[in-house]
Amino acid sequence: MDNVNITTAQYITDTGGDTNCIQATIDGTEMSVPLDPANRHYQEVLDAIIEQGSDCFDGDIPEELQAAADEKQFNQQLADYRVAVARLAQYVVAEGRNQVTEMQPTGEQVFNEETMEMEDVMHDVITVTAIEPVEPTVTRMVYSEDDPMAEPTEETIENPLITTDVAERAAAQATVDATPAAVVEAA
Amino acid sequence: MTVKVSKPAVNLREELADLKKPTGIAGEAMLRAETPQEQFNLIGAGRRNLIINGDMRIAQRGTSANITGYGYHTVDRWHTIANSGMNYNVTMSQELIADAPFGFSHSLKLLTTSAQTTVSGENYSLRYSIEGSDVRHLKYGTSNAEYITLSFWVKSNKAGTYSLQPYALNTAGNASYLTSYTITNPDTWEYKSVVIEPNTKRSINYTDTTGFFIDFNLDSGPDDIVSPYNWAVAGAARAVEGQVRLLDTVNNYFEITGVQLEVGKVATPFEHRSYGEELALCQRYFQVLGGSGTNYTLAAGFTSGTSFFGYGKLIKTMRVSPTFSVSGTVSDFGYTHVAVAAAASATPYVTTTPDTYFMQFGSSTSTTNNAGAYARITSPGTSAHFDAEL
Chain A
1 MDNVNITTAQ YITDTGGDTN CIQATIDGTE MSVPLDPANR HYQEVLDAII EQGSDCFDGD
61 IPEELQAAAD EKQFNQQLAD YRVAVARLAQ YVVAEGRNQV TEMQPTGEQV FNEETMEMED
121 VMHDVITVTA IEPVEPTVTR MVYSEDDPMA EPTEETIENP LITTDVAERA AAQATVDATP
181 AAVVEAA
Chain B
188 MTVKVSKPAV NLREELADLK KPTGIAGEAM LRAETPQEQF NLIGAGRRNL IINGDMRIAQ
248 RGTSANITGY GYHTVDRWHT IANSGMNYNV TMSQELIADA PFGFSHSLKL LTTSAQTTVS
308 GENYSLRYSI EGSDVRHLKY GTSNAEYITL SFWVKSNKAG TYSLQPYALN TAGNASYLTS
368 YTITNPDTWE YKSVVIEPNT KRSINYTDTT GFFIDFNLDS GPDDIVSPYN WAVAGAARAV
428 EGQVRLLDTV NNYFEITGVQ LEVGKVATPF EHRSYGEELA LCQRYFQVLG GSGTNYTLAA
488 GFTSGTSFFG YGKLIKTMRV SPTFSVSGTV SDFGYTHVAV AAAASATPYV TTTPDTYFMQ
548 FGSSTSTTNN AGAYARITSP GTSAHFDAEL
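These protein sequence lines are chains A and B, in that order.
Using our numbering, the letters of the first sequence correspond one by one to residues 1 to 187.
Using our numbering, the letters of the second sequence correspond one by one to residues 188 to 577.
These are calculated hints, taken from the structure and not from any lab test.
Heads up, some of the hints might be wrong.
To be verified - With beta-carbon atoms standing in for the labels, derived distance ranges: (1) Glu71/A to Thr222/B: 36 to 44 Å; (2) Ala526/B to Lys72/A: 46 to 54 Å; (3) Thr139/A to Val420/B: 26 to 34 Å; (4) Ser144/A to Thr222/B: 36 to 44 Å; (5) Ala182/A to Thr358/B: 14 to 22 Å; (6) Val128/A to Val475/B: 36 to 44 Å.
Just so you know, these numbers come straight off a predicted model, no measurement behind them.
Just so you know, even glycine gets a beta-carbon here, dropped at the ideal spot from N, CA and C.
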């Protein structure tokens, strides 16, 4: 979400009682925001309701606006959940990936004299290729900032690919864990 | 009588070799083009530039603003990004450039006014967003997806690596592409062109909301530094190793103009459009009414007690119903009924459609009920802003 600051918002109705717009103070400027989902300020008002609740609204949040905010939050959580699940489904780079084969028909058939029927000729097909685990550590040369002429020293650190993988998996798992059951069910 | 006619011998092979192809350098380029689209681009047929205001001439909001983060501030269609609640101190301005690259008069400049170290989660970028319905011809998400080429003139006091991240939005998952370019010499205008490979993986939301954007990364926290990648489902605000940190010292600046995004693998000359045409394209996203004279008529309507209700028409149809705000002084809005002039006592409430607006505002002056009146802006320093930006 883009960072905007909504301090107060209120529904404005016309003389006939119809709701016209949301009058909101966004980043210090008072604005009339149309009730148009494609308007970016309308979306920012919904984001503010999601994040701040009624604190951003002058009075109770109108029912339909709350419903729109709830729907937006649900869709965001659903999208985040799907991305997180897809990330967790990827192989762990420190462990690599085993090859997976499946018996599949070649397209040819032979006659089985015992069963007196035509049967598919089968063969092994690699459906998932193997990937070797990455090296657990890497060595890098460290140069002295104080003495550019000094000999560099070797430093062994965790392979950055593993570090990144672990961090991304942890973030994805945290997203999955925080996803409400209703969203998981809809995924 | 027999007449004998003799002709010099002809060497057919030599004659064929002497045949001159009627092609110059451009003709050779046409022959070398791999696709009809490249040939189309080479002859400059049709509209090429997907960027509106790529030469930075239009700045309806003003020519300079001190900014602290996200938003549209000066030059039309270009906005800044600040992720994870970060604030920075930058002056964003439209510059009339004396050392302009040939053919350009204006640039967009971002000048750091307070030094800071960007930490994890934080990103500072310049962004250009495009409606999804305007990039359908990129055919993203299909095997026929197009190459696109981004070209621009750029100048900075900090030479080095700068990241570029095109981003395609899709409700099924967004995809992005990460690449970079290098500014070789400080304080010197340099021309850059970057070819972006086809995105065959993800389609785009072909609506009137954001479908595609390009981030010019200017500073990034360490957590978002990754290797360049082809189109992948990845978050926004990524940068490559070595990304210049523009916020680290006061008076660092980044200046850009002549931005063109086009289909194909060839960067063609910038597509110059007339000022009027460029302004009209910008007004689909942002319009200013007023800001000129002391009697700018804004709406026709009627009075009710101390209030005014009236209707007006926008300059042209906007992308969606726009947001209304006042730039300047609220009391410069007013309405006139016969000889009675009333000034607004609070910001008007304005209901909009993509091409009309209905405004109501109160004053402290009593007027006749249900009498014809018109609203106006009484100072050139005040204007009505209508914002339908992406």
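Item to complete: List, from low to high, the hint numbers that the structure doesn't satisfy.
Response: Result: hints 4, 6 break, sorted rising.
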